[in-house]
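Protein chains: 2
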Amino acid sequence: MRGNIEKWDYFELTLRAEAAGNPFVDVDFAVTFSMGHRRVVVDGFYDGDSCFLARFMPDVKGDWQFVTTSNEPELDGITGGFTCVAPSADNHGPVRVIDPYHFAYEDGTAYHPVGTTCYVWNLQGDALEEETLETLASAPFNKMRMCVFPKRYSYNANEPPSYPFEGEPTHTWDPSQLGNRYYTDIPDCWDFTRFNPAYFRHLEQRILELRALNIEADLIIFHPYDCGAWGFDKMPAEVNDRYLKYLVARLAAFRNIWWSFANEFDLMPAHSLADWDHYFKLVQQHDPYNHLRSNHNARTFYDHGKPWVTHCSIQRHDMTQIPRWQKEYQKPVIVDECGYEGDIGRAFGSFTAEELVARHWQGFGTGGYVGHGECYEHDEDILWWSKGGQLYGDSPVRLAFLREIIEAAPPPGLFPLSTNRAVRDMLLDRPYNGITVGHNGEDYLLIYYWTHQLKFLRLALPANKTYRIDIIDTWNMTITEADASASDLVMIELPRRPYIAVRVERVE
Amino acid sequence: MRGNIEKWDYFELTLRAEAAGNPFVDVDFAVTFSMGHRRVVVDGFYDGDSCFLARFMPDVKGDWQFVTTSNEPELDGITGGFTCVAPSADNHGPVRVIDPYHFAYEDGTAYHPVGTTCYVWNLQGDALEEETLETLASAPFNKMRMCVFPKRYSYNANEPPSYPFEGEPTHTWDPSQLGNRYYTDIPDCWDFTRFNPAYFRHLEQRILELRALNIEADLIIFHPYDCGAWGFDKMPAEVNDRYLKYLVARLAAFRNIWWSFANEFDLMPAHSLADWDHYFKLVQQHDPYNHLRSNHNARTFYDHGKPWVTHCSIQRHDMTQIPRWQKEYQKPVIVDECGYEGDIGRAFGSFTAEELVARHWQGFGTGGYVGHGECYEHDEDILWWSKGGQLYGDSPVRLAFLREIIEAAPPPGLFPLSTNRAVRDMLLDRPYNGITVGHNGEDYLLIYYWTHQLKFLRLALPANKTYRIDIIDTWNMTITEADASASDLVMIELPRRPYIAVRVERVE
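Chains as they are written, first to last, in this note's numbering: chain A, 1 to 508; chain B, 1 to 508.
Just so you know, these hints were derived from the structure itself, not from any lab.
Ideal placement from N, C-alpha and C gives every residue a C-beta, glycine not left out.
Don't take each hint at face value.
Stated by the list, open to error - Partner residues aside, some chain A positions facing chain B, computed with beta carbon under 7 Å:
(1) S34
(2) G345
(3) D429
(4) L454
(5) P498
To be verified - Ranges between beta-carbon positions, derived for each pair:
(6) D28/A <-> R324/B: 48 to 56 Å
(7) R430/B <-> G167/A: 29 to 37 Å
(8) A237/B <-> E404/A: 57 to 65 Å
The following block holds chain A by itself, in its conformation from the complex (with noise of 0.2 Å):
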């Protein structure tokens, strides 16, 4: 049993007993971890065919021992351990949350969320599914919004390959429902107190493909797609918790597992506002790694101010209002949805790519984040946005050159201006609503002008500093260096059309 695991990668325990009744329900599974005076306690789970696990994600090097409990005696008792070795060149660990603005990985590098939606590609088949991986190992994303349940709307109207839950549907779904959020019965087909390991195990192997390209899974736990389909957006209140615990037994080893626990958390009336509050700290109290948590809004926020929200997912369209939320919530800002590239029939995934990778920059510039999507009519309804695929849009071009300069930034990233005065001293047409701002310190800005098209830019700079200043043609990709004596007084001449960013950066 004694093996070697890297740091941040997963330990898996597997045990086999015959357990009477119902095992989801009637065995209880737990594993301390234990190295030196630590003990980690994690929850295992039944994965079928008289098969335990429990998953353990060492963050120390050296060995570390384990012991089983349970009320199953087979299961009770065991003993074992692992020697917990140094991580591989792309294993950073989870993405934490450092400061008021930034996220970075444990081990100390950057992390940026550049992030994507393919809210259901992992319950499309394997052709489909394989075809979306290998479209993100080429694509400029390192976060995807996906869900655990199967998803009904427009363009959304297949069957998943499998269920959470054991049964099989046996009524008909009648379409007119579709958009229906207060849809009240329930379907009778499944027992929920018996979930479908495979459902959970096709998940689970999804996420660790994406943790191989490095990217997070942004897992959405709850959503409104259901409109009576399956009764998914509906569970009664125990079998939430159960589902809720299921889901951080199987997945809170994956170290690229975020919470998100719902999409449109406020279009779910059946959950309470107290039914979110205790979700949140239910997995709280259960995720031994403290994986980061959000709930993503349609029109009203949940309160991200609340001590168990790790950062603010949000869904809006205006992007200056971020400095805003930054103030407001003292942490850091995703907005996972602002609109996507598209030419479908609704607002929110027709909008040109000029204008989505506009709003990227407008986010990213003040030290917040801004997540793609992407909706163009499709012959058989593949859509990216929900099922994966290929990306025809031109904006993921655009966002990889973004995030290569954001990540050429200084660590943590950028702040918005409002955090140093300094700053604002240096810029001396004093920027306000529509110009975004972002800097590092006084030496290092970025200046993005959006639907702007200055003639000149004039900066006040410290005299004894030397900076480098390059134009950044932000929807063409060229970094162009601006012939400007950059000291003191300067005045840089811009090109006088839209989508324009200016970098200040010192060098000496």
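Chain A is fixed; fit chain B onto it per the hints.
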């Protein structure tokens, strides 16, 4: 003394009197105009050189009589009359609010404000002022925001040709005070008890020249762009009151006057909220014609819900909020400042024409109104936004195109989507934030897609009506009839580029 005055033109009475003391403050002079049982009292004013004037704008055809009252015997008890005749073709009377969204001229002719801003065009000397009038003669604008007082600001370093009060500046202005709204000294060079009538006669000349061009004068009574240059932003309370009454006495008889109490009232620390309320009520009490009254914000709105406010005059950059303000205040919304086309080093004055035109369509498309301005760098600092002169931008021709389309819609104009559930149901792909929809009942819809690039529009039109559907390219200014069987379920192919609008109009 009996002559013919056309309806909504003005009758002017001039009397001479050698009054003792200071005629600006010591002489009360009013004239009561009457026709049948109707009596209208107007305040007269001292115009210098022993001349006392009173002006009256008749709104009913027929014979009017007048009698003067004064504490100066030479001005008291004078009687006379004039005949009010039919208005000429271009004279439709003053602009009124006709419903919670719309304006119209008093004769019922539709009026949709397509405004521009040249804050102090009237204080630039005759050559430039005449050039401005020439530009306006072929521009699409029917409203002009302009100030009574001179302006000191970036690009506004010049002194006005004359001053509103007796006196000459004796102090040297300190350029370091530019932008200092808290400058507290009031220069002692003015005799605030004596107006300079020539200054106001010049203002009147320019307002009447606008009237001849069918342009409403949205007159800005106070503004914060003084910075210690003249002190007109912080005059004593009794001077402010006398100034307001003098303005009303001189200008209220001009049918194209609107009272805009301030530009950026919330940047004027010398005036409290109670002061602004008082100014509104004072003007409401003295203006016999009930001209439009508003107060324009920088950051914080003046409460447009107050009963003396006729419409919302707003500075904001997000036009998708207009339906919210319409609903909240139940008064017409004009966003006089959403940003200006230009290339100067300030966010407000550096938008592309595309962005400014798009914001206009967003606003007009829901029955709101948006204003134009232009700030291109100029060798002599002649920027349209402040001084007038020529227009260099690409937006005016497109605003003329927009104006034609809005004026071709059924009166009284468009309403926001929220006011008609049946229209909402006609839009099969539910629009929301970011797609602009206005209507005039079920027989006229205007959908504006901004930076969306839809492939299709699907409509469910009433089967018993026939519609014409036009695809409008708002940037290239083309109107193309859609290839669609315009009844019942309609699928319209769209050009998949931004800045497209669709007009649906019943033909039988």
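Tested hints:
1. S34: Hint on S34/A: violated, closest Cβ of chain B at ~52 Å, above 7 Å.
2. G345: holds, 3 Å
3. D429: Hint on D429/A: holds, closest Cβ of chain B at ~3 Å, below 7 Å.
4. L454: holds, 5 Å
5. P498: holds, 5 Å
6. D28/A <-> R324/B: 48 to 56 Å: Holds: the Cβ-Cβ distance is about 53 Å, inside 48 to 56 Å.
7. R430/B <-> G167/A: 29 to 37 Å: holds, 33 Å
8. A237/B <-> E404/A: 57 to 65 Å: With Cβ atoms ~60 Å apart, the hint holds.
Violated hint for the displayed structure: number 1, the only one.
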